[in-house]
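**Student:** The primary structure of each chain is shown beneath.
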Amino acid sequence: MNELIELTAAAAAQRVRAREIDPAELFEAYRARAAADDLNAFTWVAPRAPAGEYPGDAPLAGVPLAVKDLFCTEGVPSQAGSRILEGYRPPYTATVVANLQRAGAPLLGKTNQDEFAMGSSNENSAYGPVLNPWDRARVPGGSSGGSAAAVAAGLAPWAIGTDTGGSIRQPAALCGIVGLKPTYGACSRFGMIAFASSLDQAGPLTRDVTDAALLLAHMVGRDRRDSTSLEFPEAIRVPRAEDLSGIRLGVPEELTGAGGGVEPGVRESFEATLARAEGLGASVEPCRLPHAPHALSAYYLIAPAEASANLARFDGVRYGLREDGEAGLVSMYSQTRSHGFGAEVKRRIMLGTYALSSGYYDAYYGTAQKVRTKIAEDFRTAFERFDFIVTPTSPWTAFALGAKTDDPLAMYLNDFCTVPMPLAGIPAISIPSGLSDGLPVGFQLAGPAFSENRLLDAAHALERAIGFDGSPARRSGESAARG
Amino acid sequence: MTEYEPVIGLEIHVQLKTRTKMFCGCELSFGDSPNIHTCPVCLGLPGALPVVNERAIRFGMMIGLALGCEIAERSLFHRKNYFYPDLPKGYQISQYDVPLCRGGRLGDVRIHRVHLEEDAAKLNHLGASGRIHGSDRSWVDFNRGGTPLVEIVTEPDIHSPEQAREWLSLLRTTLKQIGVSDVNMEEGSLRCDANVSVRPAGSAVLGTKTELKNMNSFRFLERGVRAEIQRQIGLIEAGEAVVQETLHYDPVSGGITPLRSKEEAHDYRYFPEPDLVPLVATDAMLAAAREALPAELPAERAARFERELGLSAGRARDLAFRADLADYFERALAAGAADGGVDPVELSNWIPQLVERIGSDRDPAESNVAPESLAALATMVKAREVSRDAAREVLSRLVADGGDPRAIVAREGLGALSAEDDGLGELVDRAIASDPAAAEQVRAGNLKAIGPLVGYVMRETKGRADGATITRLIRERVRQAG
Amino acid sequence: MLDRAQVLHVARLARLELTEVELERMAAELSHVLEHIEKIRELDLDDVPPTSHVVDVVNVLRHDDPEPSLRRETALRPAPEPVDAGGFGVPSPAAA
Numbered sequence: 001m002n003e004l005i006e007l008t009a010a011a012a013a014q015r016v017r018a019r020e021i022d023p024a025e026l027f028e029a030y031r032a033r034a035a036a037d038d039l040n041a042f043t044w045v046a047p048r049a050p051a052g053e054y055p056g057d058a059p060l061a062g063v064p065l066a067v068k069d070l071f072c073t074e075g076v077p078s079q080a081g082s083r084i085l086e087g088y089r090p091p092y093t094a095t096v097v098a099n100l101q102r103a104g105a106p107l108l109g110k111t112n113q114d115e116f117a118m119g120s121s122n123e124n125s126a127y128g129p130v131l132n133p134w135d136r137a138r139v140p141g142g143s144s145g146g147s148a149a150a151v152a153a154g155l156a157p158w159a160i161g162t163d164t165g166g167s168i169r170q171p172a173a174l175c176g177i178v179g180l181k182p183t184y185g186a187c188s189r190f191g192m193i194a195f196a197s198s199l200d201q202a203g204p205l206t207r208d209v210t211d212a213a214l215l216l217a218h219m220v221g222r223d224r225r226d227s228t229s230l231e232f233p234e235a236i237r238v239p240r241a242e243d244l245s246g247i248r249l250g251v252p253e254e255l256t257g258a259g260g261g262v263e264p265g266v267r268e269s270f271e272a273t274l275a276r277a278e279g280l281g282a283s284v285e286p287c288r289l290p291h292a293p294h295a296l297s298a299y300y301l302i303a304p305a306e307a308s309a310n311l312a313r314f315d316g317v318r319y320g321l322r323e324d325g326e327a328g329l330v331s332m333y334s335q336t337r338s339h340g341f342g343a344e345v346k347r348r349i350m351l352g353t354y355a356l357s358s359g360y361y362d363a364y365y366g367t368a369q370k371v372r373t374k375i376a377e378d379f380r381t382a383f384e385r386f387d388f389i390v391t392p393t394s395p396w397t398a399f400a401l402g403a404k405t406d407d408p409l410a411m412y413l414n415d416f417c418t419v420p421m422p423l424a425g426i427p428a429i430s431i432p433s434g435l436s437d438g439l440p441v442g443f444q445l446a447g448p449a450f451s452e453n454r455l456l457d458a459a460h461a462l463e464r465a466i467g468f469d470g471s472p473a474r475r476s477g478e479s480a481a482r483g
Numbered sequence: 001m002t003e004y005e006p007v008i009g010l011e012i013h014v015q016l017k018t019r020t021k022m023f024c025g026c027e028l029s030f031g032d033s034p035n036i037h038t039c040p041v042c043l044g045l046p047g048a049l050p051v052v053n054e055r056a057i058r059f060g061m062m063i064g065l066a067l068g069c070e071i072a073e074r075s076l077f078h079r080k081n082y083f084y085p086d087l088p089k090g091y092q093i094s095q096y097d098v099p100l101c102r103g104g105r106l107g108d109v110r111i112h113r114v115h116l117e118e119d120a121a122k123l124n125h126l127g128a129s130g131r132i133h134g135s136d137r138s139w140v141d142f143n144r145g146g147t148p149l150v151e152i153v154t155e156p157d158i159h160s161p162e163q164a165r166e167w168l169s170l171l172r173t174t175l176k177q178i179g180v181s182d183v184n185m186e187e188g189s190l191r192c193d194a195n196v197s198v199r200p201a202g203s204a205v206l207g208t209k210t211e212l213k214n215m216n217s218f219r220f221l222e223r224g225v226r227a228e229i230q231r232q233i234g235l236i237e238a239g240e241a242v243v244q245e246t247l248h249y250d251p252v253s254g255g256i257t258p259l260r261s262k263e264e265a266h267d268y269r270y271f272p273e274p275d276l277v278p279l280v281a282t283d284a285m286l287a288a289a290r291e292a293l294p295a296e297l298p299a300e301r302a303a304r305f306e307r308e309l310g311l312s313a314g315r316a317r318d319l320a321f322r323a324d325l326a327d328y329f330e331r332a333l334a335a336g337a338a339d340g341g342v343d344p345v346e347l348s349n350w351i352p353q354l355v356e357r358i359g360s361d362r363d364p365a366e367s368n369v370a371p372e373s374l375a376a377l378a379t380m381v382k383a384r385e386v387s388r389d390a391a392r393e394v395l396s397r398l399v400a401d402g403g404d405p406r407a408i409v410a411r412e413g414l415g416a417l418s419a420e421d422d423g424l425g426e427l428v429d430r431a432i433a434s435d436p437a438a439a440e441q442v443r444a445g446n447l448k449a450i451g452p453l454v455g456y457v458m459r460e461t462k463g464r465a466d467g468a469t470i471t472r473l474i475r476e477r478v479r480q481a482g
Numbered sequence: 001m002l003d004r005a006q007v008l009h010v011a012r013l014a015r016l017e018l019t020e021v022e023l024e025r026m027a028a029e030l031s032h033v034l035e036h037i038e039k040i041r042e043l044d045l046d047d048v049p050p051t052s053h054v055v056d057v058v059n060v061l062r063h064d065d066p067e068p069s070l071r072r073e074t075a076l077r078p079a080p081e082p083v084d085a086g087g088f089g090v091p092s093p094a095a096a
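Residue numbers (the numbering used here), protein chains in the order written: chain B, 1 to 483; chain Y, 1 to 482; chain E, 1 to 96.
In short, the hints are calculated from the structure, not lab data.
Since we're looking at a predicted model, the values are computed, not measured.
Note that the Cβ used here is the ideal one computed from N, Cα and C, for glycine as well.
Treat the hints with care, since some could be wrong.
Unchecked claim - With the C-beta cut set under 7 Å, the calculated list includes, among others, these residues of chain B facing chain E:
1) Thr228
2) Ser338
3) Ile349
With the rest of the complex left out, here is chain B (with noise of 0.2 Å):
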């Protein structure tokens, strides 16, 4: 195995400012081993390197980037995992994109999603699942499946997602990498083909803390094109936190008693890196976020109804898929989208137009933006005492491929620890805490809006302390010793 891929994008950026490393050799590096995929974690690897002078001198120092598949990147398929866009090339490219592109980052590949993000599983994608590198016969996780995958086997030095209820977190919890995402407004929404708009947010997944801030610092910022984007209060730096002295960590028995179902091992990876977090000067206390155990709930009220809304224009007008019906219009538009979309897009965009629709919508989506906003005032208040919720990401480690897709509600209940933190908008990070049974275990930390940079110092001082490998080696394709 080439030692470049050994690497963290940080280590191979400053290799390649230090002129020790050609950063085309890198980018070629990594384009043969995506292109080699053999976990289906890309639907596009570059071709090439992209032409002109490689900006060793950038910030990002052309360390390439992994993008999942609904960023959309100019004249490069983006489809969103679905059917619907088969052959979609937009004209444009996704503001976080470019801004990464510009700080030095370009473009690997784009990665395998759950269609239109809608998944825990990866299973939900046009281009069938994504493989986990630990356990091929179990899933990644989603819905940025493809990103974690890839950046956990080694596949790609670094790569963005985004997350709606979980989409970052839960697959870097399941891959054994780092995911983090930020505050909703951070990062500039244009051009994320949209899945849940008051609930999306891009951030990255990355081998460890200091190459998420690294990206998270080129990735924020307002942008005019999106209404909802906000200046980051201060810039984003690289974590050196090596202790949590002071620290108060707050666990909440909302999602981490008997409700949420963890398995054993997950329970004891979290309970063990609860300790570390205390041998490293934090205090750990119980808290209460009382109408926790209502965000799924809420959750799978308000995704579903706003994504009801952003996939109508799935329409095969203007373009994607088109299925001209016997007759007329609407039987055009009903064949279109029957075939166009994939069953989990279906059943959401049919429990969304449900909760949305005449007589229903004060039962079901006026209850959940209310239940939205208490479970914002309970995370307010818990900041009052405490610097960080804990909990861990996923109550479960990675699972069979097809272990859940028979049962919708099970697959939802994965999110348990995850939808409350973008019901509030705040940030949370996932870290690995450790394995279970030979899978990684996430560890979640959420703070307060915009306390990005404490967050990762946080999660700085803990990964060093729990020394997790998450040497891509040990599981990529070409070396024996996994698991």
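Once you have looked at the hints, place chains Y and E on chain B.
**Tutor:** Here is chains Y and E on its own, set in the frame of chain B:
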């Protein structure tokens, strides 16, 4: 037989005259070649997001202020969901339960609400000749899609087709004057739907209403509403029920037909647009909107004409609701004042005469008749220096060739014949001699009989004599003869 | 909870055509999910304002300045049915 009272409310869509669309930087266009003013936002491409046009908000506030509405401290945009090829996102961004403006009044009609939204694209019919043979095709041009629209909804305060037309004309003048729209019905920048119901006169209960869609001229609005009122009365008289439905008025046949009923009842599933943030009317925004308004709006102008110049309410509105007429009138008034004074009521009588001669769609300022000329003519009439009939003749000549009315009167010998003029006395004698029976009746006190005698003199003088003078002379001579 | 007729109605609103099998399955799955979701209706939320935006900003406005539009060829490139007139072809809504 029962008397019926029509109850009419209007819903008006006005395209705003901004430079760019409501939510993107594409330029507005009319009649350009198709699909050259589009971008990811107004084409509804995946990933594109709307951003509100600041000028559209200001125009919306100006309309609200001009109509005396209350501007909402905080308003929201919603998504209105339905599928149609002219709606690229599958939803229209529109204001719903928290509109920009509420309440208000224009003339004698109350305003219910004013809100902002985006226009649909244009769907063109192609027939069966399209790429897919044998099936009926249409095609979409997205140039218009996303044009800023304001929807103005009135209360059901209108009670006749004429009033509907007149009120819409006032609204049009008002919007034109504040400069927010071209308000051209033919080009679609002003579109009007009418909600129509009828009820027995005096009843307080509203009848079932129908919605008459998209009447694209003032005349069609009046005719369409009249036809719909007749249709509803016909149904009621025949013992049938009026069905709540959406109707189309065909101006060619005069017929009213239901719009093809959609596959199912609409359920627009409105919810707050998550891609946009709330709109808050700040003091600075309101001040800017107020500052951009003209000093006097048409309704205020009509009131001033009535109050200060003594014009009748009808005449005041006829002038004030057409800014070009009112402007011309006021310029003539000023010219007359400089020339020793002109009677405003007399002057105002001559504006419709002028309009009749130049055509109702023309601005009199662009005619051959200078405002000071019309003022001079009105002054001469008032001073009886020229008879009304002769003055009409002078006006026709002014319209044809321009010039000074005094010079025309002098040159053409159109000046009024005075009572002292012997010729006039002689003519009166001849009139009496020609119809002794009428003269006898006048002498006996039957004043109605004087008509033929006056007519005789008028004919002989070709209208140059003043009617009142002739009447006085006839009565004097008849008495003398007796 | 959700019967066949309701599922059909919602599918029509969403312009989805479901097969007989999908219809049955959808009714069962949605009912199952809704049963879980329904619990939030038991909460006392009478005086709670709804949250539709988590960002606390208002009046994000754009100056009324034109920006370049797409070339027509670019706009029409992904169109399933471009027409010679320069537009996006669709089945006529008036047709049956």
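**Student:** Taking the hints in turn, state whether each one holds.
**Tutor:** Hint by hint, here is what the structure shows:
Using the Cβ-Cβ criterion of 7 Å, the hint placing threonine 228 of chain B at the interface with chain E is satisfied: the shortest such distance is roughly 5 Å. At its closest, the beta carbon of serine 338 of chain B sits 4 Å from a beta carbon of chain E; the interface hint therefore holds under the 7 Å criterion. Against a cut-off of 7 Å between C-beta atoms, the interface hint on isoleucine 349 of chain B holds, since the closest Cβ of chain E lies about 5 Å away.
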